[in-house]
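> Sequences and hints are given; from them, build the entire structure.
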Amino acid sequence: MQVTESVRMAIGAIRANKLRAGLTLLSISIGVFAIVGVAAAVGALTASIDKQLESLGRSTFIIQRDPAFEMGGVGDRRPQITLRQAMDFKNRFAAAENVSLTNFIGGVVIKFEDKSSDPTYFIVGGDESYLPTNDYTVEEGRSIDPMDIQNGSDLVVIGADIANKFFKHRSALGKQIKLNGYPYTVIGVLQSKGAVFGQSQDNIVLIPITSAARRFFDEWGSSVSMAIRAPSIETLEETMDQAIGLMRIIRRLDIGQENDFEVITNESLSETFGGITKYVSWFGAICGAFALLAAGIGIMNIMLVSVKERTREIGIRKAIGATSGNILSQFIIEAVTLCQLGALIGIGVGVAIGLGVGALLGIVAPIPWESVGISVGICLLIGIIFGSFPAWKASQLDPIEALRYE
Amino acid sequence: MTPTPTLEPNSPLHSEPTSTGGEAIIEIRHVARRYDMGAETIHALRDVSLTIRRNEYVAIMGPSGSGKSTLMNIIGCLDTPSGGDYYFEGELVSKMSDNELAQIRNQQIGFVFQTFNLLARNDAVKNVELPLVYAGVSRQDRHQRAVEALRQVGLEDRMTHKPNELSGGQRQRVAIARALVTRPSIILADEPTGNLDTATGVDIMRLFEDLWRKGNTIILVTHEEDVARNAARIIRVRDGKIESDGPNPNRIQMNTPTAPTTP
Ligand SMILES: Nc1ncnc2c1ncn2[C@@H]1O[C@H](COP(=O)(O)OP(=O)(O)OP(=O)(O)O)[C@@H](O)[C@H]1O
Ligand SMILES: [Mg+2]
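Chains as they are written, first to last, in my numbering: chain A, 1 to 406; chain B, 1 to 263.
These are calculated hints, taken from the structure and not from any lab test.
Just so you know, these numbers come straight off a predicted model, no measurement behind them.
Cβ coordinates follow ideal geometry from the N, Cα and C atoms, glycine included.
Heads up, a few of these hints could be off.
As the list claims (entries may be wrong) - Taking lysine-lysine pairs in the DSS-like style, the calculated list, with each CA pair at most 27 Å apart, reads:
| hint | chain 1 | residue 1 | chain 2 | residue 2 |
| --- | --- | --- | --- | --- |
| 1 | A | Lys278 | A | Lys51 |
| 2 | A | Lys115 | A | Lys51 |
| 3 | A | Lys308 | B | Lys126 |
| 4 | A | Lys165 | A | Lys193 |
| 5 | B | Lys95 | A | Lys393 |
| 6 | B | Lys214 | A | Lys18 |
| 7 | B | Lys95 | A | Lys18 |
| 8 | A | Lys111 | A | Lys51 |
| 9 | A | Lys178 | A | Lys165 |
| 10 | B | Lys126 | A | Lys393 |
| 11 | A | Lys51 | A | Lys193 |
| 12 | A | Lys393 | A | Lys18 |
| 13 | B | Lys126 | B | Lys214 |
| 14 | A | Lys111 | A | Lys168 |
| 15 | A | Lys111 | A | Lys90 |
| 16 | B | Lys162 | B | Lys126 |
| 17 | B | Lys214 | A | Lys308 |
| 18 | A | Lys193 | A | Lys115 |
To be verified - Residues from chain B shown here face chain A by an in silico Cβ test under 7 Å; the list is partial:
| hint | residue |
| --- | --- |
| 19 | Asn73 |
| 20 | Asp79 |
| 21 | Leu130 |
In structure tokens, the structure reads:
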């Protein structure tokens with residue numbers, strides 16, 4: 001008897017027991033979804049991050065105190081990169097086309113007249129190249145210029161959401177807002193950039209880094225990060241070496257002492273991120289595998305019930321010429337078909353989630369073929385392993401006993 | 001108590017097929033079937049011997065619990081004897097593997113049950129096709145042959161009905177079509193009219209008569225004298241033993257309008 005015939009029989013049997021089959025399908029789907037969904041979501045995230053890194057430019061690298069993804073708390077033992085060191089670096093480093101200094105201060109309250117925000121805002125301390133580097137355009141007013149940096153002026157450029165929140169129908173320009181109580185004059189409002197992954201990009205508050213250092217660094221112990229653009233991709237390595245050398249001098253490191261700062265390139269970033277996502281994918285796969293194992297035991301139970309219920313059917317089939325092998329393969333194929341149907345649903349939902357996440361991030365998410373393959377393989381195995389025992393029991397039924405069964 | 005297996009079972013009537021010329025397809029020698037029920041042993045069959053030739057029409061009769069079904073199941077290779085020998089077409093059944101037995105059930109024997117034993121999920125055609133599935137017949141041929149078999153039992157207009165959409169008589173016809181579809185040499189029927197009213201039962205018996213005339217070997221179990229009357233030979237069983245075995249003296253030829261002319 002051909003496999004197609006058995007599959008057809010299996011689908012018939014599944015349709016005859018919709019509820020039971022549905023529950024089994026559900027448990028399989030959840031397991032597969034855990035594997036494929038996580039992989040798809042991670043795939044979408046990775047693709048999106050790669051794209052964002054790409055937009056940073058390949059010839060740009062970052063020097064900061066802490067690793068991009070901190071695993072062990074190395075940063076805590078390292079001294080901060082102070083604004084003085086960063087400014088010193090910027091002034092002395094001739095090899096770069098551009099050095100941009102940034103620093104983030106979290107948990108800030110914004111206040112205008114009697115209206116006050118939650119303490120959930122981030123302030124960016126930056127310089128004149130922050131906005132172009134990060135793809136922001138000024139809609140009204142102006143950006144921070146080198147003079148503002150030099151003077152450490154208390155000026156602020158705000159994102160579209162903040163402008164809307166505090167200055168609904170009037171111009172924000174020239175108004176004075178308070179950041180954690182310190183007065184800042186609004187000199188520019190940015191064009192809206194929309195949301196990425198449900199996170200608005202228009203809540204930005206940009207002040208000159210010199211002002212940020214004066215107002216906030218003591219309290220917040222901040223460390224400055226420097227984005228350095230090499231003149232070209234070809235000179236990237238060379239520029240990096242020189243930058244590291246200068247940093248070591250500025251940080252007064254002895255020969256033989258390790259760097260007490262991180263140099264991050266696009267490549268190193270996506271590598272690190274790739275490492276993390278691998279873990280996440282594996283985690284999803286392991287969770288999924290456990291879910292599938294549970295589903296497998298469920299399948300075995302359901303198949304055992306099914307064999308019991310269909311004892312008479314088995315008797316009839318044997319009486320008209322089915323061999324034990326026919327019955328065995330029929331029930332195994334039924335279990336496998338059930339598993340693969342569940343896998344199909346799980347893959348469908350998982351891939352849909354991946355595409356959904358991708359859409360939120362504004363990219364076309366790749367289909368995680370590897371996970372799809374793994375899922376199909378695991379489901380095949382589970383169908384065979386957990387279907388075998390019930391199928392074997394079915395195949396060993398005595399035809400007469402089976403026909404007598406009420 | 002000794003049965004007479006060498007007895008010529010049927011005195012040929014004019015225009016009826018004879019059994020005398022046919023070769024023996026079923027030879028049962030001192031067959032016993034015991035059930036061990038812990039403390040006691042039930043002797044469902046004790047020392048049964050009989051021979052059935054091609055194109056015989058045999059009725060097995062006897063009171064309830066006498067061992068008719070047990071004998072039938074052994075003949076049908078659904079059950080194996082605890083003692084004695086059973087030769088099917090000259091081959092010793094006890095020497096056959098499970099797969100060989102399955103093949104005999106599939107190709108050589110058509111079993112008709114009292115309770116029809118159709119698959120509830122499948123429509124009439126699919127039910128009739130089932131033995132062909134196990135015979136490895138292609139989908140297309142299967143369908144064609146199933147339709148043909150259903151036509152033979154007069155159910156061509158009920159082909160896509162499920163068993164629960166059919167009357168008892170119609171269900172039994174489907175079961176008979178299923179038994180016929182592999183063109184087996186023997187049709188075994190265990191109380192085929194037991195669940196049917198008299199008129200429907202008569203219809204079914206007509207069908208058997210018709211099949212017999214076309215050359216099939218028919219063995220049927222019944223405890224109704226009316227039903228047994230159609231058979232050419234009657235074997236009476238009691239307490240697991242053959243009480244009598246001989247031609248049916250009261251044979252009534254059924255008026256079979258569907259039967260084609262016989263040679
Ligand atoms: N599986 C079994 N286990 C134990 N005893 C059995 C089994 N099958 C049949 N028997 C016994 O064997 C004897 C013969 O049973 P069988 O079914 O052959 O009778 P029967 O002649 O077909 O009766 P009926 O006309 O009621 O169908 C009975 O006494 C029955 O109880
Ligand atoms: Mg019986």
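> Going through the numbered hints above, which ones does this structure break? Give me the numbers in ascending order.
Those not satisfied are hints 2, 6, 7, 8, 15 and 17.
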